[in-house]
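Novice: Residue strings, one per chain:
There are 2 protein chains.
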Amino acid sequence: MKITRLYAVIPLALAAALASAAVAQDAVVGRSMTAEYATLEAAQNAANGMAGPRTVPGRSIPVPNTASRELQVSIAAPYRVPNWNADPKSPEEWKELVNKLASASAAAQVGIREKLGVTLEPTLIGGVKAFILSPKVIPAVNQNRLLVHVHGGGYVYNPGEAGTGEATLMAAYGGFKVISFDYRMPPDYPYPAAMDDAMAVWKAALGLQNPRNMAIFGTSTGGGMTLAMILRAKQEGLPLPAAIAPGTPWSDLTETGDTYKTNEWLDNVLVSYNGYLSRAAQLYANGRDLKDPMISPIYGDFTGFPPAILTSGTRDLFLSLTVLTHRKLRRAGVEAELQVFEGMSHAQYNFDPYAPETKETFGEIARFFDKHLGR
Amino acid sequence: MKITRLYAVIPLALAAALASAAVAQDAVVGRSMTAEYATLEAAQNAANGMAGPRTVPGRSIPVPNTASRELQVSIAAPYRVPNWNADPKSPEEWKELVNKLASASAAAQVGIREKLGVTLEPTLIGGVKAFILSPKVIPAVNQNRLLVHVHGGGYVYNPGEAGTGEATLMAAYGGFKVISFDYRMPPDYPYPAAMDDAMAVWKAALGLQNPRNMAIFGTSTGGGMTLAMILRAKQEGLPLPAAIAPGTPWSDLTETGDTYKTNEWLDNVLVSYNGYLSRAAQLYANGRDLKDPMISPIYGDFTGFPPAILTSGTRDLFLSLTVLTHRKLRRAGVEAELQVFEGMSHAQYNFDPYAPETKETFGEIARFFDKHLGR
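In order, the protein sequence lines correspond to chains Y and A.
Its first residue numbered 1, the first sequence is counted upward by one per residue in my numbering.
Its first residue numbered 376, the second sequence is counted upward by one per residue in my numbering.
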């Protein structure tokens, strides 16, 4: 696959300064460190002395002490290889990798559900395989409410129970009944299969509950699909949910947005667009224009969207996609809230089910849903 | 001044990879670029293969096309030398630099006010030098409303009319009458002079208008002071305003927060904590603990704070301070909104008075104030 971005040139003077910076040792302080910094500062001022691209030096960035201890563990974690840079050479290789990762994820879900008191019930909704996640007790206020969850994974990862983790967290921390559906994915089923399944689920859900008492939510690909579902429901004249929660949504499958560059190599979940993401985008679009609003919903019309709450992190490769989506919703007159977590990479609020930031994320989404959903 | 942070070691293998990356040319595409990327990817995977700090490579980051053309100009702009890295060696040198920069800023304000139809009237409020900024027409709904503006500039920059730019924008785009006050600053007047002036202004403002019809706002140092004013008003048992808008607040004068590192050298306004910021922090605190909540309000108790709207950008050195402040407000049960702009460095919504993002920033703050202020 062709690498479409151009790797930019690092000025030689700066490269030399960076190489010399490597001589420094953590234990060296005071005068020599000051000299080190002065050299770096001079090189940076020189490299950024004219209008144009920004030159940033290579560096080692510590784990921030401003995140919870649990999140610090996620921030410190190494890149996820092969997840982030997977490059299978055939449909068979894709399926082998996806199934291997999904088995491990699904197995981990069992203990999490048990600990959080959430039950999982396999079902079919609108002919689509799905799971119903229920908390031990559904509060009275949520008895007539129903959430629809769209899992993430770049349109390739997380089939089956592997995709239910976020639904479990929402059921546990929000006290909601949640339908999480197992949409068809590439390489066997490219676009529009996933969206067709999503709309079949939404139509069936409309027969189960009043749309004013329902919300749709999901992270990453699930956030992008949540937005695309609203675009398509508008197009098809279907009732809309009372609220949505697109978490760090993959609202643009092209490499568009500043943090695709600024947070590249810093986000330890997605790492770079040039990993599996660029390949998954092509697999899903299957020759279609990546800027089709049904594939990259940021190019759609957000007028009339339900109230939305968006979540991201300061290290998230999709921070730009999140804030661009938030701004576009606001410009369309939609009530839209934004929450951004310190030091967090892509979708990391779904990683440790017990981290304070995880509880805070779903607590805020639950509060937002409670405000907007009928009873 | 001692540089307190340790410049981290860049692994030699990575430094070598970076130096070799410098050989690439923008015009080279295809196979060699793929090889270049493969080398970088391998080096990055190796450098980030264990739990710990994150290693990021030096690189050139393009100006994003996802910001407005006007904001793109601000994003592309070179570092502001000597503003960001000023290191005056005496009080006289500080004053000479500050006055030189302030003269230029104040001069620029004349044309901006004219273009935006805002008038400036010097006055004294509570014995403090101040300016009243008024739009050409104050809408009926805002006739009995009054805003108090706290200017930014690291407690050293922007004395006099140089500090009124943001108040002009709020008057113009929000249709409010705004008091912007000229608090005393180091080197002559360290803490608590600025805060004493701020409280004198707030007490005097309470004699001019019902606090339910007032809001306090400001950016950077002005955002930090806005928060500290609420802490001190609580402490002194004074009425609180109906809303606040701390923009990218300097809520922690120590180098605490992940984006102090991750956005270092990327933010073209503040650039690095090790520039004038660290020196200004010491000048202001004048030997006091930088973590005193009246100096770094993030260490204070936010319970009972008025509704708040916070603004930042994805390249902002203070993005972490903004989101940490937002989260702390939310955890204290305060209604708090967050808006983050694509590609924006620190406080850049105040830079081009006519950029769409500038109008959007103040439009959102005005909407928020309109929602929360009495009439």
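No wet-lab data here; the hints were simulated from the structure.
The structure displayed is predicted, hence computed values, not measured ones.
Be a bit skeptical, because a hint or two may be false.
Said to hold, decoys possible - Below, in silico cross-link-like pairs of lysine-lysine (DSSO-like), each with a Cα-Cα straight-line distance of 27 Å or less: (1) Y/K328 / A/K734; (2) A/K504 / Y/K371; (3) A/K703 / Y/K371; (4) Y/K129 / Y/K100; (5) A/K746 / A/K734; (6) Y/K359 / A/K578; (7) A/K464 / A/K490; (8) Y/K328 / A/K504; (9) A/K609 / A/K504; (10) Y/K234 / Y/K371.
Novice: Would the pair Y/K328 and A/K504 pass a check requiring their Cα atoms to be no farther apart than 27 Å?
Specialist: 40 Å, violated
Novice: Taking only the CA atoms, is the gap from A/K464 to A/K490 under or equal to 27 Å?
Specialist: 39 Å, violated
Novice: For Y/K129 and Y/K100, compute the direct alpha-carbon distance and say whether it is at most 27 Å.
Specialist: 20 Å, holds
Novice: For a C-alpha distance cap of 27 Å, please report whether A/K703 and Y/K371 respect it.
Specialist: 21 Å, holds
Novice: Straight-line Cα separation of Y/K328 and A/K734 no greater than 27 Å?
Specialist: Distance ~14 Å between Y/K328 and A/K734 Cα, so the pair holds.
Novice: Has the given pair, A/K504 with Y/K371, been kept, meaning a C-alpha gap of at most 27 Å?
Specialist: Outside the cut-off at roughly 44 Å; violated.
Novice: Given the hint that A/K609 pairs with A/K504, does the C-alpha gap stay at or below 27 Å?
Specialist: With Cα atoms ~24 Å apart, A/K609 and A/K504 stay inside 27 Å; holds.
Novice: What's the verdict on Y/K234 and Y/K371, does the C-alpha distance respect the 27 Å limit or exceed it?
Specialist: 23 Å, holds
Novice: Straight-line Cα separation of A/K746 and A/K734 no greater than 27 Å?
Specialist: 18 Å, holds
Novice: Is the hinted pair Y/K359 and A/K578 satisfied, with a Cα-Cα distance of at most 27 Å?
Specialist: 40 Å, violated
Against the hints set out earlier in the document, violations occur for numbers 2, 6, 7, 8.
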